[in-house]
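Peer 1: Residue numbers (this note's numbering), protein chains in the order written: chain A, 205 to 320; chain B, 374 to 485.
Treat the hints with care, as some may be off.
To be verified - Not everything, but these chain B residues come out facing chain A in the computed CB check (under 8 Å):
(1) Gly415
(2) Val423
(3) Gly426
(4) Val428
Said to hold, decoys possible - Listed below are the simulated DSS-like cross-link pairs for lysine-lysine, each with C-alpha atoms no more than 25 Å apart in a straight line:
(5) A/Lys261 / B/Lys472
(6) A/Lys273 / B/Lys472
(7) B/Lys430 / B/Lys443
(8) A/Lys261 / A/Lys275
(9) B/Lys429 / B/Lys472
(10) B/Lys472 / A/Lys269
(11) A/Lys221 / A/Lys269
(12) A/Lys222 / A/Lys261
(13) A/Lys261 / A/Lys273
(14) A/Lys275 / B/Lys472
(15) B/Lys429 / B/Lys443
(16) A/Lys275 / A/Lys222
(17) A/Lys221 / A/Lys261
(18) B/Lys472 / B/Lys443
(19) B/Lys443 / A/Lys261
As the list claims (entries may be wrong) - Covered, in the sense of this in silico footprint (three residues per stretch, anywhere, with C-beta under 8 Å from a C-beta of chain B), are these stretches of chain A:
(20) 220-230
(21) 258-270
(22) 274-285
(23) 298-307
The set of hints was computed from the structure by calculation and includes no laboratory data. Virtual Cβ for every residue (Gly too), placed ideally from N, Cα, C.
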Amino acid sequence: EAQVTQNPRYLITVTGKKLTVTCSQNMNHEYMSWYRQDPGLGLRQIYYSMNVEVTDKGDVPEGYKVSRKEKRNFPLILESPSPNQTSLYFCASSPRLAGGPGGELFFGEGSRLTVL
Amino acid sequence: TQLLEQSPQFLSIQEGENLTVYCNSSSVFSSLQWYRQEPGEGPVLLVTVVTGGEVKKLKRLTFQFGDARKDSSLHITAAQPGDTGLYLCAGRRRTSYGKLTFGQGTILTVHP
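In isolation and in its complexed conformation, chain B is listed as follows (with noise of 0.2 Å):
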């Protein structure tokens, strides 16, 4: 069983949709991170959220980590082709010092 759960495995809309992906767990992270890759390469940083209930918002995309540090959610407003790729949760424990988990990912698609 994966650590960190993330929901939709899939997603495929139109562009201008909203969308919003789950990144779940029944642990405790001391903080959360998001990535997103592309085809061919490695996954990028998008955001790190640290406080549980922080909402940290980067233009079109808001990153909610949640209150008791257990889950977070992406929600992206008006989907554009250019943020299709795969989307992965990271969360380090405090129990776990150095290691990062990652979720399985979201492989998202915006179509024209």
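Just chain A, with the same shape it has in the complex (with noise of 0.2 Å):
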């Protein structure tokens, strides 16, 4: 079945405790991405990526780290979560450019993060 995974998909941190939430999307796909969702915000674009080893900051890039070594896989990385990083968290991924013709997102289930 082509998917996005997310892992995990709850997590309750404390400040300053790194964490690491992967994705992996088994469709081959060239884009991925990640978002955030807040209430009344909508998603809001953390990272992209184009290929292996091509990423770019996305609108809310700050406290956040991303690495695409392989074309399945990736993970978003917080450094030293604190609490404004509580949110709901997307993978995302797409066969070409996302938002164009045949651009279409694939998302994850999501993983809802706190931090305290």
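From the two separate chains plus the hints, produce the assembled complex.
Peer 2: Next up, the structure:
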């Protein structure tokens, strides 16, 4: 089954404790991206990657890191989480550049992160 | 301020009514998408529009891309409870290759 898999789905952590949210897709997609979703703000893009070893900042990259060493994986790293990073996080992939023709985003089920 | 402003943010209607959701910006987009999200799930693509003035229909849903490619609308005819969900517009600007910007969303509730 074609899918985007995120782990963990739920996480409660404390300020400053490094964490990684993994994301894996089995559709051989070139493009991958991370979003955070907060009430009233919709989805805000954190980072995106158009291919292996190619990553770039989205609209809210502060406090996050990513890497794209393999085509299928795109982990999101919070080196020193803070309470303002409490949010619902979504990983997504697309066969082409997201947003255009053929650029449908396929989303994971989300990871709800709470930073105390 | 949001690059893409959606209105209304909340919509509560009765089954059978018609509704329109708007997605507006001062920026020009090369393409625009609409997604629908249900609780506990990720958004799912409904449509992509790329040409100014383009109109696309998906059963009871009609999508329009503004002539100037700065705005879009989603019209639902004879809404049903199954249409309940969060509707999100997302746009890609020519000047921001790779970035996809979402509006803040419209929460639609259709009562039986």
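Peer 1: Examine the region 258-270 of chain A for residues whose CB is less than 8 Å from any CB of chain B, and state whether their number is three or more.
Peer 2: Coverage by chain B holds here, the residue count being 3 at a Cβ distance below 8 Å.
Peer 1: Do the alpha carbons of B/Lys430 and B/Lys443 lie within 25 Å of each other, as the hint requires?
Peer 2: holds (20 Å)
Peer 1: Does the structure keep A/Lys261 and B/Lys472 at a Cα separation of 25 Å or less?
Peer 2: holds (9 Å)
Peer 1: Between A/Lys273 and B/Lys472, is the straight-line Cα distance small enough, at 25 Å or below?
Peer 2: It holds: about 20 Å lies between the C-alpha atoms, which stays within 25 Å.
Peer 1: So if I understand the rule, the pair passes when the alpha-carbon distance is 25 Å or less; does A/Lys221 with A/Lys261 pass?
Peer 2: holds (23 Å)
Peer 1: Please verify that hint: B/Gly426, Cβ, nearest Cβ of chain A, below 8 Å or not.
Peer 2: Status violated, d = 16 Å.
Peer 1: Just to be careful, I want the Cα atoms of A/Lys261 and A/Lys273 compared with a cutoff of 25 Å; is the pair within it?
Peer 2: holds (17 Å)
Peer 1: With a cut-off of 25 Å on the C-alpha distance, tell me whether B/Lys472 and A/Lys269 pass.
Peer 2: holds (17 Å)
Peer 1: Hint B/Val423 vs chain A: min CB-CB distance below 8 Å?
Peer 2: Holds, about 6 Å.
Peer 1: Against chain B, does the region 274-285 of chain A show at least 3 residues with beta-carbon separation below 8 Å?
Peer 2: violated (count 0)
Peer 1: Does B/Lys472 pair with B/Lys443 here, judged by a C-alpha cut-off of 25 Å?
Peer 2: holds (16 Å)
Peer 1: Has the given pair, A/Lys275 with B/Lys472, been kept, meaning a C-alpha gap of at most 25 Å?
Peer 2: holds (19 Å)
The structure shown violates the earlier hints numbered 3, 4, 20, 22.
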